[in-house]
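Just need the whole structure built from these sequences, with the hints factored in.
Protein chains in written order, with my numbering: chain A, 1 to 376; chain B, 1 to 262.
Please keep in mind that the hints were generated in silico from the structure rather than gathered at the bench. Every residue, glycine too, gets a C-beta built ideally from N, C-alpha and C. Hints may contain errors.
[As the list claims (entries may be wrong)] In silico BS3-like pairs for lysine-lysine, Cα to Cα no more than 30 Å straight-line:
#1 Lys241(A) - Lys14(B)
#2 Lys139(A) - Lys114(B)
#3 Lys139(A) - Lys14(B)
#4 Lys73(B) - Lys152(A)
#5 Lys139(A) - Lys140(B)
#6 Lys121(B) - Lys152(A)
#7 Lys73(B) - Lys131(A)
#8 Lys241(A) - Lys9(B)
#9 Lys152(A) - Lys69(B)
#10 Lys114(B) - Lys241(A)
#11 Lys241(A) - Lys117(B)
#12 Lys241(A) - Lys81(B)
#13 Lys131(A) - Lys14(B)
#14 Lys152(A) - Lys231(B)
[As the list claims (entries may be wrong)] To give an idea of the interface, some chain A residues facing chain B are shown, with a C-beta separation under 8 Å as derived from the structure:
#15 Gly197
#16 Ala246
#17 Asn248
#18 Thr249
#19 Val252
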Amino acid sequence: MSKSVNASVAVSAQQKNQIDCFGAWTLQGIHKQNLDRAFKKWDRRTEPSLILNAESITRMDSSGAWQLYQWKKQLAKKREVQLIGLNKEHTLLFGMIEQAAQQLKPLPQPINYNGLALLGKKAFEAWHELKSFLRFIGKTFTTAIQTLSHPKQLRGRAIISIIENTGLDALGIIALLSFMIGIVLTYQMGFQLKNFGATLFIIDLLGLAILREFAPLLTAIMIAGRSGSAFTAQLGMMKIKEEIDALNTMGVLPSQLLILPRIWGLLIALPLLTVWADIFGLLGGMAMTHNMLNISYTDFLQRFPKVVSLSSLIIGVGKAPVFALIIANTACLQGLRVSGSADSVGRQTTRSVVQAIFFIIVADALFSILFSKLNI
Amino acid sequence: MQMADPVIKIENVKLFLAGQWIHCGINLEVQRGEIIGIVGGSGSGKSTLLREILALLTPTSGNIEVFGKDLNKISSTELLKLQCRWGVLFQQSALFTSLNVIENISFPLQEHTKLDKTTIKELALIKLLAVGLPMDAATKYPAELSGGMLKRAALARALVMDPELLLLDEPTAGLDPQGAEEFDALVLNLRKVLGLTIVMVTHDLDTLWQITDKVAFLSEGRVLEFAPMTKLTLSKQAAIATYFQGPRGRMTQHLYEGNHGI
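Structure (structure tokens):
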């Protein structure tokens with residue numbers, strides 16, 4: 001049994017223009033640099049013809065055959081080269097490699113857009129996204145109107161299920177979040193107010209900040225992350241598994257069964273969660289006020305209704321339905337745009353959450369401008 | 001005897017999708033009670049044709065008539081009526097993953113009929129047993145079922161409304177030989193009992209030989225030939241010959257030549 005020896009080449013003793021190949025021409029056996037050096041040396045020789053003798057090759061695999069083919073090709077550029085001595089299996093292998101090598105073509109390179117072309121491509125994609133967004137809104141809206149005139153088509157159970165998932169299950173985390181925001185806000189503002197000796201105004205400020213801005217905004221952002229991603233992933237998976245197609249062929253509109261319940265559900269759940277967040281935000285504020293500024297709970301609660309008007313609460317809770325529509329529509333749209341792979345689900349889920357949060361903040365800013373103009 | 005109207009009539013359908021002409025003029029007629037196979041190389045647009053018949057996709061030009069209704073001009077109420085007359089088995093079963101088997105099968109009944117819950121459940125169970133699923137599969141979820149059971153459950157769902165037309169996309173793909181055999185026998189039996197018209201996209205040579213009446217061979221966006229297997233396999237056209245004359249093709253042909261119509 002022959003021991004597996006590294007591949008090597010040497011000039012034949014018998015004939016001057018013959019190169020004998022020895023050893024195992026395999027992935028492990030070939031040391032490319034050594035053999036390269038040897039072959040380069042022979043490339044500089046001037047004999048008009050050359051014989052490669054493969055008789056003494058003990059083993060050969062595809063990488064060995066490939067190397068042999070490459071060197072044969074290289075040497076054949078300047079002279080006639082003959083390959084002899086391959087046994088039956090090696091001949092077959094070498095033949096296969098030769099055939100494959102002749103079919104090699106450079107791989108198509110992905111087009112790399114940059115500069116103006118990239119801008120154009122992005123603009124084009126944004127345009128497509130806008131169109132599908134409008135199509136989606138249109139379809140959902142018309143289905144909603146249809147449902148209102150045929151109340152039986154309202155999917156009560158689905159809506160309640162969504163309220164449970166997005167609202168009830170989120171009570172704990174929203175309470176915790178708002179409580180902590182209350183504490184943080186009180187600390188920041190209370191610190192400054194202390195300098196002016198106006199610590200009592202913390203109550204006014206907290207009322208305004210939490211009820212008008214922080215509770216609705218942070219609740220919406222948390223729910224966008226929590227429920228928006230859930231909706232997108234659910235719808236995306238259904239699209240991949242052809243469940244949406246199945247619904248369409250069964251005469252059930254996905255917008256009716258899947259999308260509208262999510263929109264209605266969130267429209268109901270988010271304002272309720274916002275009120276919940278208001279409560280816990282103020283509780284957090286109260287606790288910190290008592291702790292840091294030595295204003296008792298009773299003093300806080302007595303002063304609160306006097307300085308914070310109902311309109312603050314109403315404005316805060318009034319923003320919630322708008323946020324809910326943004327979250328639900330973005331999530332469902334992106335879910336339906338999933339195409340075919342797990343990668344796509346991940347990507348679309350990310351987009352859905354990022355877009356939802358972005359538009360929530362844009363809407364909030366627009367609200368602020370609107371209210372400042374209206375002097376509310 | 002006058003020939004009844006074809007169940008499906010596809011006239012000169014062309015489809016341009018994602019930068020390619022997938023269909024360049026498809027013409028096909030499916031008569032009532034026939035079992036039709038649609039074959040062709042991968043990417044020849046077979047599943048896409050099925051989607052066009054189901055009105056999931058609109059052809060670029062040409063028209064498709066199902067049960068005499070032109071899909072280009074159909075209203076949504078008429079389409080809904082059509083959708084209650086056909087049943088579809090998708091390649092990946094497309095069972096609703098959030099519902100268990102019996103809920104999946106009952107789904108069309110719940111959506112489109114006003115029957116009470118008990119009747120719906122009983123009808124669904126009858127279909128569940130008819131496709132050969134055991135009773136204890138009823139409360140399982142799709143994630144807990146094997147490939148063969150998934151297909152059967154999906155078939156039960158497709159049949160629960162007693163449709164007149166059944167469309168199958170690669171029904172035996174991924175099934176073990178016995179499973180595929182049982183599926184074929186099931187389809188044949190159901191055709192006898194329910195009088196179905198069946199259109200299936202398939203690569204399974206055994207299925208094609210054993211249960212189809214005629215097979216349409218799709219290549220380069222057209223129907224090259226539409227004939228029974230005995231005639232199709234003798235075709236001299238290059239694409240068809242390569243498809244059926246490989247070692248697999250010739251072996252099954254040899255088996256069935258003498259026994260066609262078991």
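Close enough to count: is the Cβ of Gly197(A) nearer than 8 Å to one in chain B?
violated, 60 Å
Are the Cα atoms of Lys241(A) and Lys81(B) separated by 30 Å or less?
holds, 25 Å
Is the hinted pair Lys73(B) and Lys152(A) satisfied, with a Cα-Cα distance of at most 30 Å?
holds, 28 Å
Please verify whether Lys152(A) and Lys231(B) have alpha carbons no more than 30 Å apart.
violated, 54 Å
Satisfaction of hint between Lys14(B) and Lys139(A), Cα-Cα up to 30 Å:
holds, 27 Å
Take the shortest C-beta to C-beta distance between Asn248(A) and chain B; is it under 8 Å?
holds, 6 Å
Was the hint right that Thr249(A) lines chain B, CB cutoff 8 Å?
holds, 5 Å
Starting from Lys73(B), check that the Cα of Lys131(A) is at most 30 Å away, please.
With Cα atoms ~24 Å apart, Lys73(B) and Lys131(A) stay inside 30 Å; holds.
Let's test the interface hint: is any C-beta of chain B closer than 8 Å to that of Val252(A)?
Cβ of Val252(A) sits 5 Å from chain B, so the hint holds.
So if I understand the rule, the pair passes when the alpha-carbon distance is 30 Å or less; does Lys131(A) with Lys14(B) pass?
holds, 25 Å
Given the proposed pairing of Lys152(A) with Lys69(B), does the C-alpha separation stay at or below 30 Å?
holds, 28 Å
Check whether the Cα positions of Lys241(A) and Lys14(B) lie no farther apart than 30 Å.
Satisfied, since the Cα-Cα distance of roughly 27 Å is no more than 30 Å.
In this structure, the hints that do not hold are numbers 5, 14 and 15, in rising order.
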